[in-house]
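Just so you know, the protein sequences line up as chains A and B, in that order.
Taking the numbering used here, the leading residue of the first sequence gets 244, the next gets one more, and so forth.
Taking the numbering used here, the leading residue of the second sequence gets 244, the next gets one more, and so forth.
Hints may be right or wrong, so weigh each one.
[Stated by the list, open to error] List of simulated lysine-lysine pairs, DSBU-like, C-alpha gap at most 35 Å:
hint, chain 1, residue 1, chain 2, residue 2
1, A, 496, B, 376
2, B, 447, B, 376
3, A, 376, B, 538
4, A, 404, A, 347
5, A, 447, A, 557
6, B, 479, B, 347
7, B, 526, B, 557
8, A, 347, B, 376
9, A, 376, B, 526
10, A, 347, A, 447
11, A, 557, A, 347
12, A, 526, A, 496
13, A, 376, B, 557
14, A, 447, A, 526
15, B, 538, B, 479
Hints were generated in silico from the structure; no laboratory data involved.
Quick caveat: nothing in here was measured; it's all calculated off a predicted structure.
Okay, here's what each chain looks like letter by letter:
Number of protein chains: 2
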Amino acid sequence: MTTQTVRLSHGSGKGLQELLSTIIIPALIPGGAGVLEDAFVFDIPGRRLAFTTDSFVVSPLEFPGGNIGTLAACGTINDLSMMGARPMLLSVSLILEEGFAFEKLTRILTSLSEICTQMGIRIACGDTKVVDKGKADGLFINTSGIGIVTVGISLSAAYAKPGDAVIVSGGIGLHGVTILAQRENLHFASAAESDCAPLWPLAKAVLDAVPHTRVMRDATRGGLASVLHEIATDSKVSIVLMESEIPVPQVVKGACSFLGMDPLHIANEGRFAIIVPPEWADKAVAALRSFAIAKDACVIGQVVEKDRFPVLLKTSIGGTRPVEMPPGELLPRIC
Amino acid sequence: MTTQTVRLSHGSGKGLQELLSTIIIPALIPGGAGVLEDAFVFDIPGRRLAFTTDSFVVSPLEFPGGNIGTLAACGTINDLSMMGARPMLLSVSLILEEGFAFEKLTRILTSLSEICTQMGIRIACGDTKVVDKGKADGLFINTSGIGIVTVGISLSAAYAKPGDAVIVSGGIGLHGVTILAQRENLHFASAAESDCAPLWPLAKAVLDAVPHTRVMRDATRGGLASVLHEIATDSKVSIVLMESEIPVPQVVKGACSFLGMDPLHIANEGRFAIIVPPEWADKAVAALRSFAIAKDACVIGQVVEKDRFPVLLKTSIGGTRPVEMPPGELLPRIC
Numbered sequence: 244m245t246t247q248t249v250r251l252s253h254g255s256g257k258g259l260q261e262l263l264s265t266i267i268i269p270a271l272i273p274g275g276a277g278v279l280e281d282a283f284v285f286d287i288p289g290r291r292l293a294f295t296t297d298s299f300v301v302s303p304l305e306f307p308g309g310n311i312g313t314l315a316a317c318g319t320i321n322d323l324s325m326m327g328a329r330p331m332l333l334s335v336s337l338i339l340e341e342g343f344a345f346e347k348l349t350r351i352l353t354s355l356s357e358i359c360t361q362m363g364i365r366i367a368c369g370d371t372k373v374v375d376k377g378k379a380d381g382l383f384i385n386t387s388g389i390g391i392v393t394v395g396i397s398l399s400a401a402y403a404k405p406g407d408a409v410i411v412s413g414g415i416g417l418h419g420v421t422i423l424a425q426r427e428n429l430h431f432a433s434a435a436e437s438d439c440a441p442l443w444p445l446a447k448a449v450l451d452a453v454p455h456t457r458v459m460r461d462a463t464r465g466g467l468a469s470v471l472h473e474i475a476t477d478s479k480v481s482i483v484l485m486e487s488e489i490p491v492p493q494v495v496k497g498a499c500s501f502l503g504m505d506p507l508h509i510a511n512e513g514r515f516a517i518i519v520p521p522e523w524a525d526k527a528v529a530a531l532r533s534f535a536i537a538k539d540a541c542v543i544g545q546v547v548e549k550d551r552f553p554v555l556l557k558t559s560i561g562g563t564r565p566v567e568m569p570p571g572e573l574l575p576r577i578c
Numbered sequence: 244m245t246t247q248t249v250r251l252s253h254g255s256g257k258g259l260q261e262l263l264s265t266i267i268i269p270a271l272i273p274g275g276a277g278v279l280e281d282a283f284v285f286d287i288p289g290r291r292l293a294f295t296t297d298s299f300v301v302s303p304l305e306f307p308g309g310n311i312g313t314l315a316a317c318g319t320i321n322d323l324s325m326m327g328a329r330p331m332l333l334s335v336s337l338i339l340e341e342g343f344a345f346e347k348l349t350r351i352l353t354s355l356s357e358i359c360t361q362m363g364i365r366i367a368c369g370d371t372k373v374v375d376k377g378k379a380d381g382l383f384i385n386t387s388g389i390g391i392v393t394v395g396i397s398l399s400a401a402y403a404k405p406g407d408a409v410i411v412s413g414g415i416g417l418h419g420v421t422i423l424a425q426r427e428n429l430h431f432a433s434a435a436e437s438d439c440a441p442l443w444p445l446a447k448a449v450l451d452a453v454p455h456t457r458v459m460r461d462a463t464r465g466g467l468a469s470v471l472h473e474i475a476t477d478s479k480v481s482i483v484l485m486e487s488e489i490p491v492p493q494v495v496k497g498a499c500s501f502l503g504m505d506p507l508h509i510a511n512e513g514r515f516a517i518i519v520p521p522e523w524a525d526k527a528v529a530a531l532r533s534f535a536i537a538k539d540a541c542v543i544g545q546v547v548e549k550d551r552f553p554v555l556l557k558t559s560i561g562g563t564r565p566v567e568m569p570p571g572e573l574l575p576r577i578c
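Produce the complete structure using the sequences and hints provided.
So this is what it looks like as structure tokens:
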């Protein structure tokens, strides 16, 4: 039996209906989607909402710890979570290359759907396009999301203040090293597994424990260095990190020292930076550590008055060096 | 001077910031985007909202009457409009191929932005990914949108009732024939210009004139035949069209007769079907005709009790034939 694959004829008309009814909807919405309207309609009496979007182009599509579907769910869930918004609705839009295997598509969409189910999120609307062979790299996914912002919470990358504590939710660099190991066949890093995870439960725990939390940002493309740069710039402050406190898993240390990369530049998909007033740091860390994926959460630095450099690192041997943004794309198509 | 192009290094870190601040944000949000948060936060006291998503992969990227940016704005605006929702917020997510020219990108994003400005829509959030040369076809765009549903309006493809009038907002098939003419270098159809247009003003005029409107659907991929099939199926009715009443522009007639295609199968990007109780048909048509792009709006058929065929055509010479859905992808990558 030959593997069934996406054909150009699945792009519209009967072919599209068939693809939707036999593959995509069963994988995404196991209970069925009912009448498919052009847009999804919902009521929200007097609530503050959050809306975000993200496209996913990771290569390879499947990797230890996840796949592009896991990423597409977590990426948008995490963007909402970082604003203190409980993720509520997700859209899923696919760009498929002719020849893509149904089996792989089902596996990926099922991963996406499972995370939504776990998090109580409804997949509200979607879209599917098929392009000819050689015009896309297998599968690209866009997800957009709407969430309800927790009452009384106000987070922004512009809210960090000198004196605040900087916390990271766990060991950094696993997602990036995992993708790199897969792509480049790095045997010494083959044990790496992506940290990809939905962060809403962790974000909620932090906000419940510390409603005064100033900033939450997930450290995806460009790594922890990039998000701290963004926060420092938007808040007009600097951030000083203590190298000895930053949790870096052994496999990430090994890969980075071998390849001459900085763990602070490596992408994560399930780690976030949290900035809280200093007296609340212990409570935030304790809230995080109640989750297995955040058992290594800790304070890694402090916000200070604006300095010449946005982000500084106190090294283990006592020196201080500026932490740069990654110069460009270290690892293309990491998410 | 060489043309500046997207590079892989624009995918993250400083490179991405540069691309955003010099190209993408200026084109999309001329007034500047302020602090870029992970998600967009907004208040809506006790309103009914609509949420939709669409990815655009049209080839070629630019064509008479529009470009992929025009389509990306209109597609999502129109999906919201068809639900009676005033489009309010739009997300814009780009997948760019390495080597894509900045000039073309700016032109496309400016088209997108201009339509949003005209319609009073805010571009609320976005995302940009860069993939390596040969892994995407220049540029793909996803837009998702949120709209506020007009109070008292309730539209659904499931609401058509026997006796209702079926209206189309203007001459059909122009978008599809335009793309085909560009792609296949059809000189006899080179005068064709896409009908791509934002339909909210038209939809609002119909709803103001006929609050009892039952169904509105834009006739995009798969053409008018596909949307009427969907409506017939969802409403458990059949639809009888009068061939002589269906407005088909001369250039579409010519292209279809030459190529053996059915105008009912050709995609539109600025035409929609409206179903209203029969006594309201004249009011709906008059409301549409107040717009230049809908001057050919007219009643083209009637909803009847469910028949063996979902859609039937009374031909000009007096016969009746079933109208099929297009069998598959007639024109790949039409939007």
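Quick rundown of the hints versus the structure:
no., hint, verdict
1, A/496 to B/376, "holds (31 Å)"
2, B/447 to B/376, "violated (43 Å)"
3, A/376 to B/538, "violated (41 Å)"
4, A/404 to A/347, "violated (47 Å)"
5, A/447 to A/557, "holds (31 Å)"
6, B/479 to B/347, "violated (46 Å)"
7, B/526 to B/557, "holds (24 Å)"
8, A/347 to B/376, "holds (24 Å)"
9, A/376 to B/526, "violated (48 Å)"
10, A/347 to A/447, "holds (33 Å)"
11, A/557 to A/347, "violated (46 Å)"
12, A/526 to A/496, "holds (29 Å)"
13, A/376 to B/557, "violated (40 Å)"
14, A/447 to A/526, "holds (13 Å)"
15, B/538 to B/479, "holds (31 Å)"
The structure fails hints 2, 3, 4, 6, 9, 11, 13 (numbered hints given earlier, in ascending order).
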